[in-house]
Amino acid sequence: MTAVAVAAVTATLLWLFLAWSGRPDAPVRIDAVKTAFGVGAGAGGAFALWLATRRQRTLELQLAETTLDLEERRVTELYTKSVEQLGSDKAPVRLGGLYALERLGQDNPKHRQSIVNVLCAYLRMPFKAPDTGLRGRTGAELGEDTDPELLVRLAAQELLKTHLSHDEPGYWPGMSVDLQRAVLVDFRLSGCTLAAADFSRARFVGAVHIRGSRFTRRAGFYGAEFTSTANFDRSIFDEGAFFSYAHFAEDARFTRIRSGGRFQFSHTTFDEGAAFEDGEHEELDLADVQRNKPADGGHEGV
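Per my numbering, the very first residue in the sequence shown carries number 102; after that it's consecutive.
No wet-lab data here; the hints were simulated from the structure. For each residue, glycine too, the CB sits at the ideal point set by N, CA and C. One should not assume that every hint holds.
[As the list claims (entries may be wrong)] Label-pair distances were calculated between CB atoms; the ranges are: (1) 227 - 197: 34 to 44 Å; (2) 193 - 271: 20 to 30 Å; (3) 151 - 269: 47 to 57 Å.
[Stated by the list, open to error] Calculated lysine to aspartate or glutamate pairs in the EDC-like style (CA-CA distance at most 16 Å, straight line): (4) 229 - 326; (5) 229 - 268; (6) 262 - 287.
Working from the sequences, and respecting the hints, build out all of it.
Below, the structure is given as structure tokens:
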């Protein structure tokens, strides 16, 4: 292609020089040929340089696409392998799958929500929880009779807590959780920030600590069961929350809560009462709340 361009330019310039000279003698022709070939060679060199640059750019783009494709393939393979480990019948293998997913999320931010979804899906799997929480039990006691699956689930809960904690180095911003109907043991989510959160019909075994956390979208606890104390002190619900038809077997604390939307407790049952003092609520709905025991003195209970 370069040769064709050079020949065309040379022929054109040669014809023009000869036409303009008016004297088709030898010196004029020789000078015209020299000039034409000089200009043609320069044009050809410039075209060759442009073509080489274009080829180099094409190669660079192809290399970048190949590298990206290989990286995506590697991430997909690691993700698939980790998820497969969660289906193992051996607890240590399942734990390995959890921590492999965590490392994958740390290195690949765009996959973090998918990994959180997997952790939540694992916690939604059927599970027979202990009658009470595990707080206060020693390591030896845990090792003697604790269900290995419970230890895996506690690890999954702790990973969520770690990466939803806004003051931790490993914070993953903008995450949403779906823990509908999940069985959660000694659940802790204090000091966390997350977007959508749905705990509808979840069962919380042991104490629940969700203190100083922030929900940037509406949080759902519809029909949730709290078997022990539940502490939501100083938490912020930007778009409100609903606890309708939830059941609190022991003390519930909603002190110093801030809610930018409807804070709904219709048909909620408090066996030991609840405290709501010093809160800021756009709309606090306590319609048809049931209580089986008056709140303790000093609480603004229901």
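Hint by hint, here is what the structure shows:
no.	hint	result
1	227 - 197: 34 to 44 Å	violated (22 Å)
2	193 - 271: 20 to 30 Å	holds (23 Å)
3	151 - 269: 47 to 57 Å	holds (53 Å)
4	229 - 326	holds (15 Å)
5	229 - 268	violated (33 Å)
6	262 - 287	holds (12 Å)
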